[in-house]
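K.L.:
So the protein lines, in turn, are chains A and B.
Quick note, the first sequence lines up with residues 0 to 484 if you use numbering that gives the first Met the number 0.
Quick note, the second sequence lines up with residues 0 to 142 if you use numbering that gives the first Met the number 0.
Don't take each hint at face value.
[Stated by the list, open to error] If you anchor each label on the Cβ, the simulated ranges turn out as follows:
hint, chain 1, residue 1, chain 2, residue 2, range
1, A, Gly178, B, Gly109, 41 to 49 Å
2, B, Gly109, A, Glu432, 19 to 27 Å
3, B, Ser58, A, Arg25, 25 to 33 Å
4, A, Lys84, B, Glu55, 44 to 52 Å
5, A, Ser182, B, Glu55, 19 to 27 Å
6, A, Asp168, B, Glu45, 43 to 51 Å
7, B, Arg110, A, Pro369, 42 to 50 Å
Don't read these hints as lab results, they were simulated from the structure.
Yeah, the Cβ is synthetic: ideal placement off N, Cα and C, and Gly gets one too.
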Amino acid sequence: MATFKDFKRVSETVWEIPTAYKEGMRVPARIYATRKLMENMDEGVIDQVTNVATLPGIVGYSYCMPDGHWGYGFPIGGVAAMDFKTGVISPGGIGFDVNCGMRLVLTNLIYDEVKPQLRKLVDRLFARVPSGVGGSGFIDISQNEFRRVIEQGADWCIKNGYGWAEDLDRTEERGCIRGADASKVSKKAVERGFKQIGTLGSGNHYLEIQVVKPENVFDTRLAAAFGITQPNQVVVMFHCGSRGFGHQVATDYLQIFLKVMEKKYGIKILDRELACAPFLSPEGQDYFAAMKCAINMSFANRQVILHRVREVFSEVFNRDPVDLGMHQVYDVAHNTAKLEEHTIDGRQRQLLVHRKGATRAFGPGSSELPDIYRKTGQPVIVGGSMETGSYLLAGVEEGGQTFFSTAHGSGRTMSRHQAKRQFHGKKLLEDMEARGIYLRTASFSGLAEEAGPAYKDIDEVVLATEQAGISRRVARFIPIGNVKG
Amino acid sequence: MPFKYLEDIATADVAFEAWGRTLPEMFVAAADATMNAMVVDLETIEPKEVREVHLESESLDMLLFQMLQELIFYKDAERLLLRVACVEVHGGEGTCTLEAEMRGEEIDPGRHDLIVDVKAVTLHRYRVEETSGGWESTVILDI
Numbered sequence: 000m001a002t003f004k005d006f007k008r009v010s011e012t013v014w015e016i017p018t019a020y021k022e023g024m025r026v027p028a029r030i031y032a033t034r035k036l037m038e039n040m041d042e043g044v045i046d047q048v049t050n051v052a053t054l055p056g057i058v059g060y061s062y063c064m065p066d067g068h069w070g071y072g073f074p075i076g077g078v079a080a081m082d083f084k085t086g087v088i089s090p091g092g093i094g095f096d097v098n099c100g101m102r103l104v105l106t107n108l109i110y111d112e113v114k115p116q117l118r119k120l121v122d123r124l125f126a127r128v129p130s131g132v133g134g135s136g137f138i139d140i141s142q143n144e145f146r147r148v149i150e151q152g153a154d155w156c157i158k159n160g161y162g163w164a165e166d167l168d169r170t171e172e173r174g175c176i177r178g179a180d181a182s183k184v185s186k187k188a189v190e191r192g193f194k195q196i197g198t199l200g201s202g203n204h205y206l207e208i209q210v211v212k213p214e215n216v217f218d219t220r221l222a223a224a225f226g227i228t229q230p231n232q233v234v235v236m237f238h239c240g241s242r243g244f245g246h247q248v249a250t251d252y253l254q255i256f257l258k259v260m261e262k263k264y265g266i267k268i269l270d271r272e273l274a275c276a277p278f279l280s281p282e283g284q285d286y287f288a289a290m291k292c293a294i295n296m297s298f299a300n301r302q303v304i305l306h307r308v309r310e311v312f313s314e315v316f317n318r319d320p321v322d323l324g325m326h327q328v329y330d331v332a333h334n335t336a337k338l339e340e341h342t343i344d345g346r347q348r349q350l351l352v353h354r355k356g357a358t359r360a361f362g363p364g365s366s367e368l369p370d371i372y373r374k375t376g377q378p379v380i381v382g383g384s385m386e387t388g389s390y391l392l393a394g395v396e397e398g399g400q401t402f403f404s405t406a407h408g409s410g411r412t413m414s415r416h417q418a419k420r421q422f423h424g425k426k427l428l429e430d431m432e433a434r435g436i437y438l439r440t441a442s443f444s445g446l447a448e449e450a451g452p453a454y455k456d457i458d459e460v461v462l463a464t465e466q467a468g469i470s471r472r473v474a475r476f477i478p479i480g481n482v483k484g
Numbered sequence: 000m001p002f003k004y005l006e007d008i009a010t011a012d013v014a015f016e017a018w019g020r021t022l023p024e025m026f027v028a029a030a031d032a033t034m035n036a037m038v039v040d041l042e043t044i045e046p047k048e049v050r051e052v053h054l055e056s057e058s059l060d061m062l063l064f065q066m067l068q069e070l071i072f073y074k075d076a077e078r079l080l081l082r083v084a085c086v087e088v089h090g091g092e093g094t095c096t097l098e099a100e101m102r103g104e105e106i107d108p109g110r111h112d113l114i115v116d117v118k119a120v121t122l123h124r125y126r127v128e129e130t131s132g133g134w135e136s137t138v139i140l141d142i
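Generate the whole structure from the sequences, applying the supplied hints.
P.N.:
Take a look at the structure:
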């Protein structure tokens, strides 16, 4: 097996694997990483990023972001753009947790004001935002009403009193992607997900109270534009997706694609998890419309959680959430495929951009961005491990090199079982508390799996994205309270 | 237990190998491996509820895929933790069928020490094979 030393180093942070590396590669692969990250990159990433390069219609390069690691089908951190006429759509390029993403919410409180209330806040958030295996939410709706949710997304929530109208401006796709068609979704998917709105899930999903220390603001102008204006300001960040509904949509279409891919369309793939169909085929279009329902479910899920977060802060501080300045900064997704216009060799082209564990990061001036962020570039929320911290980045003009995509997290380096052997959930919780991070969890075993050392160094990951010119650092957040799924 | 978790593949997810002398034995083992990724002690799942499952597929390996997927479905749709009490698998030309009886109970965080949600069964490195000693499978679960 070739190692990274055999690859062409295009720049300090871009490593290229030529098409000669593997039979069937239609484009070269490019991995974004510092040398340190590259030295420790999973061998699975190399195999998977080059497998993706064989998919029909892929344009430019098959990419992997600096937080990349071994996934299924695509690597986690994978980005692939397909020509919309000749290319394919692949559930394995999106992930089962469709539109899994991050939401960042401001407060005008500072650490000293929050610290005396921290336990109460975390305890109430833990009680009010259900987490863990098979968690169900507080919104009691029929399956028919759920079908409206998946077509309307966060819009449905605002209409039903779960949020502020301005939240929609600060959500990708304004919280409702057009073209979602509930008739393309199985009964099973609806049955699996209709009780789960407003739930975090488990694994690496979390809800955190975080602090921005003055020394962790990298760009004061952008930070101010995103609402971070005070030393030691407190923010809330959470990470979750489309829950069982999205997982079922992906599973359903994976099986449909397997049946037609080779027999009907003559497409051969190197890993069954890369099952795909031509984007413009009936199966491809059906999946696209169903996947959009999962995108909307995920926006609705995070919108309802935001509503709960505001309720809890309001109760604990006995102040209105408006008065507490609880504006949403942005909601970004990192498991999607979207039709976007990009300039390739001076020509505008319609591309279906798959991002699996990668975040869209449009630069300043993009017409896709809301007015408030048109000049700054897109806010990009990168979630780190529960022990180390997270980042707010911004999209940059040079980001076109990766179809305006950047990292999504810190990226795992240790298997879940190894982490459980090395760390003990209860001890970890006590250690974190001693360090000023108060945490509640649905599972101590699950907690041990998420220990900080199981992840890459997030500082190195975001530095790589800045050095490569695909996003810019704005601020780093330190966790002080955590609800762990 | 007739299954083991594999550490060196798919870092963020859970991979396992399950085996049995017969096809039904291997299916039961794979079901337990899937459930054991979510619950620390399978013995804490009491057989209070029954769900009968009938599945059809063009291949044996996709039949196992579908059966594991049923366990994940019931975990979300009805909050049920289930184990496969008995299963019959019929392989044939073109169509394979499965009849399974799954038994278990609703999630009770007070009694069930839960770990993580399994989101889906993936097909990355997925394998069902007959061996000299019986049947084996390799499965990676999305976490």
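K.L.:
Compare the structure with each hint and give your call.
P.N.:
How the hints compare with the structure:
| no. | hint | in the structure |
| --- | --- | --- |
| 1 | Gly178/A - Gly109/B: 41 to 49 Å | holds (44 Å) |
| 2 | Gly109/B - Glu432/A: 19 to 27 Å | holds (23 Å) |
| 3 | Ser58/B - Arg25/A: 25 to 33 Å | holds (29 Å) |
| 4 | Lys84/A - Glu55/B: 44 to 52 Å | violated (36 Å) |
| 5 | Ser182/A - Glu55/B: 19 to 27 Å | holds (24 Å) |
| 6 | Asp168/A - Glu45/B: 43 to 51 Å | holds (50 Å) |
| 7 | Arg110/B - Pro369/A: 42 to 50 Å | holds (48 Å) |
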